[in-house]
Amino acid sequence: MRNFQVAIVGGGVIGSAIAWELSKYNINVVVFEKGSDVASGTSKANSGVIHSGINSAPDSLKAFYCVKGNQMLHSISKKIGLEVKWIGKYVIAKDERELNELKRLKKVGIKNNVPDLKIVNSDKVNEKNVNCKSALWVPTAGIVSPYEFTIALAENAAENNVKFLLETQVKNIKKTSNNFIISTNKGEYKSDILVNAAGLNCKDIVSMVEEPDFNVYPCRGEYLVLDKNYSSLVNSMIYPVPVKELGVLGVHITPTIEGNIILGPSAEFIEDPDDKKTTKNMMKSLLEEAKEIIPKIPDKAVINAYSGVRCKLASEKEGGWADFRIQESKKNPNMINLLGIESPGLTAAPAIAEDIKKMISKKIKIKPKQKFKTAEPKMKRFQDMTKKQQTELIKKDQRWGRIVCRCEHITEAEVIKALKNPIGAKTLSAVKYRCRAGMGRCQGGFCTQHIVRIMEEQFKINFKNITLKSPESNIFYRRNREEKQ
Amino acid sequence: MINQNVDLAIIGAGPAGLASALSASENGINKIIVLDRNDWLGGILTQCIHDGFGVEETGESMTGPEYAEMYIKKVKKKKIKIMKETMVLDINKKKEITAVNKKGLHKIKTKKVIFATGCREKTRWHIMIPGDRPSGIYTAGVAQGFINLYNKIPGKNVVILGSGDVGLIMARRLKFEGANVIGVVEILPYASGLPRNVVQCLDDYDIPLYLNHTVTYIRGRERLESIKIAQVNQNMQIIPKTEKEIKCDTLLLSLGLIPENELAKKIDIKIDKITGGPIVNQNLETSEPDFYACGNCLQVYDTVDALSIDAKKAGKQAAININKKNGKKSKSIAIKPGKGVRYIIPQKIDKPGKIHMSLRVKKPQKKSKLTIISKGEEIFNKKLPWVNPANMVIFDVKITREIIKSSNTIEVNID
Numbered sequence: 001m002r003n004f005q006v007a008i009v010g011g012g013v014i015g016s017a018i019a020w021e022l023s024k025y026n027i028n029v030v031v032f033e034k035g036s037d038v039a040s041g042t043s044k045a046n047s048g049v050i051h052s053g054i055n056s057a058p059d060s061l062k063a064f065y066c067v068k069g070n071q072m073l074h075s076i077s078k079k080i081g082l083e084v085k086w087i088g089k090y091v092i093a094k095d096e097r098e099l100n101e102l103k104r105l106k107k108v109g110i111k112n113n114v115p116d117l118k119i120v121n122s123d124k125v126n127e128k129n130v131n132c133k134s135a136l137w138v139p140t141a142g143i144v145s146p147y148e149f150t151i152a153l154a155e156n157a158a159e160n161n162v163k164f165l166l167e168t169q170v171k172n173i174k175k176t177s178n179n180f181i182i183s184t185n186k187g188e189y190k191s192d193i194l195v196n197a198a199g200l201n202c203k204d205i206v207s208m209v210e211e212p213d214f215n216v217y218p219c220r221g222e223y224l225v226l227d228k229n230y231s232s233l234v235n236s237m238i239y240p241v242p243v244k245e246l247g248v249l250g251v252h253i254t255p256t257i258e259g260n261i262i263l264g265p266s267a268e269f270i271e272d273p274d275d276k277k278t279t280k281n282m283m284k285s286l287l288e289e290a291k292e293i294i295p296k297i298p299d300k301a302v303i304n305a306y307s308g309v310r311c312k313l314a315s316e317k318e319g320g321w322a323d324f325r326i327q328e329s330k331k332n333p334n335m336i337n338l339l340g341i342e343s344p345g346l347t348a349a350p351a352i353a354e355d356i357k358k359m360i361s362k363k364i365k366i367k368p369k370q371k372f373k374t375a376e377p378k379m380k381r382f383q384d385m386t387k388k389q390q391t392e393l394i395k396k397d398q399r400w401g402r403i404v405c406r407c408e409h410i411t412e413a414e415v416i417k418a419l420k421n422p423i424g425a426k427t428l429s430a431v432k433y434r435c436r437a438g439m440g441r442c443q444g445g446f447c448t449q450h451i452v453r454i455m456e457e458q459f460k461i462n463f464k465n466i467t468l469k470s471p472e473s474n475i476f477y478r479r480n481r482e483e484k485q
Numbered sequence: 001m002i003n004q005n006v007d008l009a010i011i012g013a014g015p016a017g018l019a020s021a022l023s024a025s026e027n028g029i030n031k032i033i034v035l036d037r038n039d040w041l042g043g044i045l046t047q048c049i050h051d052g053f054g055v056e057e058t059g060e061s062m063t064g065p066e067y068a069e070m071y072i073k074k075v076k077k078k079k080i081k082i083m084k085e086t087m088v089l090d091i092n093k094k095k096e097i098t099a100v101n102k103k104g105l106h107k108i109k110t111k112k113v114i115f116a117t118g119c120r121e122k123t124r125w126h127i128m129i130p131g132d133r134p135s136g137i138y139t140a141g142v143a144q145g146f147i148n149l150y151n152k153i154p155g156k157n158v159v160i161l162g163s164g165d166v167g168l169i170m171a172r173r174l175k176f177e178g179a180n181v182i183g184v185v186e187i188l189p190y191a192s193g194l195p196r197n198v199v200q201c202l203d204d205y206d207i208p209l210y211l212n213h214t215v216t217y218i219r220g221r222e223r224l225e226s227i228k229i230a231q232v233n234q235n236m237q238i239i240p241k242t243e244k245e246i247k248c249d250t251l252l253l254s255l256g257l258i259p260e261n262e263l264a265k266k267i268d269i270k271i272d273k274i275t276g277g278p279i280v281n282q283n284l285e286t287s288e289p290d291f292y293a294c295g296n297c298l299q300v301y302d303t304v305d306a307l308s309i310d311a312k313k314a315g316k317q318a319a320i321n322i323n324k325k326n327g328k329k330s331k332s333i334a335i336k337p338g339k340g341v342r343y344i345i346p347q348k349i350d351k352p353g354k355i356h357m358s359l360r361v362k363k364p365q366k367k368s369k370l371t372i373i374s375k376g377e378e379i380f381n382k383k384l385p386w387v388n389p390a391n392m393v394i395f396d397v398k399i400t401r402e403i404i405k406s407s408n409t410i411e412v413n414i415d
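So the sequences go chain by chain: A and B. Going by this note's numbering, 108 is the number at position 108 of the first sequence; the sequence numbering is gapless. Going by this note's numbering, 6 is the number at position 6 of the second sequence; the sequence numbering is gapless.
If you are wondering where the hints come from, they were derived from the structure by calculation, not from laboratory data. From the three backbone atoms N, C-alpha and C, an ideal C-beta is built for every residue, glycine too. Mixed in with the good hints, there may be bad ones.
Within a straight-line C-alpha distance of at most 27 angstroms, the following computed DSS-like cross-link-like pairs (lysine-lysine) qualify [to be verified]: (1) A:K228 with B:K122; (2) B:K103 with A:K417; (3) B:K93 with B:K329.
Pulled from the structure, derived: some chain B residues nowhere near chain A, Cβ distances all over 10 angstroms [claimed, not checked]: (4) K31; (5) L89; (6) K103; (7) R172; (8) R223; (9) Q234; (10) S358; (11) Q365; (12) F380; (13) P389.
Listed next, the stretches of chain B that the computed footprint assigns to chain A, with coverage defined by at least 3 CB atoms under 8 angstroms from CB atoms of chain A [stated by the list, open to error]: (14) 61-70; (15) 142-154.
Pulled out of the complex, with its shape left as it was, chain B reads as follows (with noise of 0.2 angstroms):
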């Protein structure tokens, strides 16, 4: 066993891994080591080769590998020790974590750690799709790796289901790389990824958008042939006689994203249903004092642009309390999602100031109105043009003592 004495264990070296290095190390501490499965720091955004990254955050527009470049660069300029092919085997409340690579087993002692360990694919099995078991289905990600990192092309006639913004993505890589792309079914009525996806991957390119649809059988003993699609209604129930047959080799499954909680779930760190996350505060401190999260295992974010500027602050304030013993619980109030809202982050403010929150609303609408509820009081309003599922919302509130003091929860609504 090789054992380090740290002050800050982050746990993933993707873009949330890197922004809260930085900012942590910016904040005055200096034994920050980050932790990373891969051979490579930057985590998905190595695959992304896309650009669009980094738009709202410098004003310029980078590709995935460029945005993660931009982070590397100045981590390494700092004091900050990175293992490379290092996996989090276990972790537990008295903030030791084991990991192991090529070296051995290595036990971590630290002060303050960071769950940044992102996200994973949902699979053909949540959706449950009958048929045969072929080969020839791929989540979209995985998709994506093997053409942008390994140099490989997993199909010629391509279907995908799921408008997930990597749904999208792939569309339009697969057809630069010449594959016949049939088409993107989505069961909801509206596309489930960025609207400046859809405009820039689908209808750029006539690839057709089959809201209202989803797929309903799978057919090939060795190498997938066909697939059935069919149209559902208002309750996402098939209709029948709608069922019509695609053939095609290749189905990319674009269904959704899960936060990785693997090891916070080993702590009880208390989670989330909706966001599948740990319920956090204003600072990202999870329901386990001195463990933090931010990226795709908090939320999963619209852009990397959003989720860098939270990854930096639960960096920053790891660094502010790194010596500060958990006194007691100070009182907190729980921020509920109310109408139209799905969720929101933070779940829970314990320090009155200005707090950044982000959520999601349920369905698309145009101008719609956003309130938060104190006590049957609306304490905040804003109007919005437009909101959409797939964009977030995030906007800063101030929240005063009075607030945490003579109430139990705020409620945030979106009319």
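One chain only, chain A, in its complex shape (with noise of 0.2 angstroms):
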């Protein structure tokens, strides 16, 4: 049996800032992950959108911890190598009442020190496709890649000596006098924290240790991803007023770091918390509501579609809006439950993670790490590079020669780079999610060949264990003929 000091359940962005935050200090921290990557639940699927704070009652955790998470994020970027792009957001008003809205999201901002903000008429409004009478301009809003963001925290926690153990699913937790004993399904593990980031699955977790006092309501938001030639739509993100019965920001359109624009979210409760599904009339109602902001979306705009699930602690009945929980169990001390992690959880990160690393400090000796590797900065794409970059990579490394994902020009040397990250994911997605190929227009439809013989070739995978996204998710079943050795 292993010994941690610092165990973590979960490897969404949370967990993953946590095991970052930690990886700073000579401990020793274990991440447990269920799937096959990190960010492999609600930190991958959502809006990718770093909040301001206007949006979260006036001294609640949301609000402090995104307020603060925000600002942190300025040089954390900078540390993990992570793009973010801070294009301000519009919440747009269409009507008086809805002016008086944006003049109450506006106090809230002040109350929340959310700076610059600014009421504004429709002529002042800097997107020219966008239908409103006014609207509040926000400036410290922004973006980023959420699976991106959570893998640079992963991976620069992992070349920090985190461990993180893939498709490791924690299946029940002892309590002893002096620590944990956490089963899974790769065996047992002892630790002397714990810290319960395991998002929609949080409930679970505290299950095993103690009677839970909480209630986690799963609620389905679904996007709609329009192709690129319409990027130009707008440069800035576009909110409604927000919905005020669910506890949600409703439907918006909003800009991604690859330069696409998304559509969404929905919010529907449901029971199941993995039932990540599209659904038919949300498809239709998403594009239709987006066009009301945005009459000039083409229907045919919409180039794939998928959802996300938020770990909400109020159900719809009770109005969908509760705090973030961020406390030591009383029952079990050196047991850290994060529960009902939802919007603004991917901006509140770093700053979560933070105050987490003080309560563990005080449990336990921490000291920093005199040789902490700082992430290298990211590395341009090869189609980004300059003609005399991509020059000296190929005499270094032919590989960089060899373009296999030929919508994006992604080359057999960055497939490689994917496959060789420090945690370990081995998926097509993870490949996916690390340098695009896959990604474009064709969806796959010619690199995933190249992806394939890579891993068997130079990763010695074999074939029948190459998987989409998770263990069971296999591309193939059989050989048509058995191979003579």
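From these two lone chains plus the hints, build me the complex, please.
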């Protein structure tokens, strides 16, 4: 049985941010992630928005961590090599009633210390395609790729010796007098401190140790992705005034880091937290709602759909809004629970992680590492490099000269780099989320064969173990004929 | 940067690239270069191991690789430079091509360019099928590649959506490999592939074809577990209560092909909205002088035989015009698809003579009549025993100097 000082359950953005924060210190940390990669749940499928803090009630943890996390992201992004675009957002009002709502939001924002808020008339809205009377301009809002954010945190943590155990599901936890014994599908582990960052499964983890005093209400949000050809429709994020009833922000229009535009999310309370389907009705209504804001969106612009599930602590009847719960268990000291981390959790992650580190530092002695490896600045993609850089790289390693993804011009070297990631994720999705091979127009039509070939030849992965995103999502069934050795 | 100067650069070494290279060489050009991103020649033919290729052209039925080999042998005898595993990254109107391979970056200056860049398959998201996002969903061509080139079978219980030729061929191919091919689902009231493929790939193996049906839902969190199909009415709207669930682990999509013209679009070549390929004249020259297009990036062909004939024309014309300065643009007329015609190629004519045309019809019908109308007058007609959207209609028409002089458009109809 391996011993750790801190065990984190969940490799979402929260678990990964905590792991990264702790990786700066001389302690032994493990992360259990049931998926085949980090960012396999809520952290993967959301709007990718770095929120300003205007949407959370004053004095709430949501407001506090959101505003702080937003500020921290300016410096953290450089340390972990993450691209953030501070494009700002407009919350738009269509009439007087909604204008009052903007005024209320502005007040909340000011209370929460959100700087530079401004209500402007439609003629001062710098978005010619948006249909509105007036708008609240929020310059401090930004965008990231949510999975790149999580992956960057996790990989840099792993480079600094945090152990990531993928495809490792926590089955049971036993509290002993001085530690936790954690049973997983991959064996038992011991840890002094247990951090529950299991997202939608946070209640299941609590239940393994004590009777939970809360409930989780999964709330699905569907999104539509528009073709890059329509990226010029908006430059900043466009939000309607929030829907009061559900504790969500409403269908908004968000540019992504990669130059697409996403529409969504919907809000639908569901029973099964893993039910990440997309539905015909929602696809239709998302497009209709977005068209009310930007009538110019063409019907045929949609190229993809996905959904994510929010971890809510308040039911639909209760109005859907509840604050984060970040606390040490009273009955079982040394168990730190992070409950109901939904939006603005992505923004809040670094700030939450810093506080968790503080909590832990009061329990065990932590000392900064002398040799903390800062992540290398995110390398430009081959196609964005100068011709000189491209030539030099090909001279060093010919695999830079072999394009395997024709749509996004991704090279064999980039695929290999993605597969060599320090946390050991080796699915097709892991490649896609790290280097974009398979994300373009043809959706893997050309590159899948090459990625499979690279996995087989250079990583010696048996073809039967090549999967899309999880151990059960195999790609191949058998060979036509057995190959002679 | 490795610099080269050539007379003709052909992008793509599939059947169109090879045929055009051969023909250009036969017509006297010496400095020809063919660029292809794969490490083999022959493009998609390499994975098409079924037969039926070359019947119209040679009278002999070949497999895809055999057909490709026929051209590869001929091309290799000529002075044609071939660069494999080479991806064209950029192109400009000055006819400078930037490409990359393991040796580095290349700049190729050329007098003429032929696009032979082929096509790609439509995916699940072209028709936005709702549901989960499991593994087990492949475009038919990707599955074909895995089986025929990489010795890997994607699944056991298979449904095919779309009755395009690749889908039909794959139904039979998977049957041969022992898979349970549950059926082919087609939203139209008729198959979209060639009639001979419906007979030889489905009927001969008792594989059901569900016409007027579509896939409405995909279920499976990890690997595909089942799909729902439903019947549609004439307007392709789902008929309520006709939905049924089919257990399967594999869904192949044969939803049609999209010409790949990302490079052509970079230099603002005009694209026909219906074909998805460049608008060309009778010489297959695009809206940009010195740039030609042939093969499936021009239009998705029904047979490789027809494709090669056109590609040879592109090669020949590029050769004939190799040293010709682009003088004043001569008067041209537009050829418009009229009644019953989905599209027609070429889209314009700027020189009188015998013009080779190909078109596709909108709907299948028996006893039809093809007419060409110029200024209200019929200038050509041809009786056709039947027409079918899957089969291209190919014919030659004499267009006189007077017709070009006196009108701006001619219209092609199928009644």
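Evaluated hints:
| no. | hint | in the structure |
| --- | --- | --- |
| 1 | A:K228 with B:K122 | 17 angstroms, holds |
| 2 | B:K103 with A:K417 | 20 angstroms, holds |
| 3 | B:K93 with B:K329 | 17 angstroms, holds |
| 4 | K31 | 24 angstroms, holds |
| 5 | L89 | 7 angstroms, violated |
| 6 | K103 | 7 angstroms, violated |
| 7 | R172 | 14 angstroms, holds |
| 8 | R223 | 5 angstroms, violated |
| 9 | Q234 | 20 angstroms, holds |
| 10 | S358 | 26 angstroms, holds |
| 11 | Q365 | 29 angstroms, holds |
| 12 | F380 | 36 angstroms, holds |
| 13 | P389 | 21 angstroms, holds |
| 14 | 61-70 | violated (count 0) |
| 15 | 142-154 | holds (count 10) |
In summary, the numbered hints that this structure violates are 5, 6, 8, 14.
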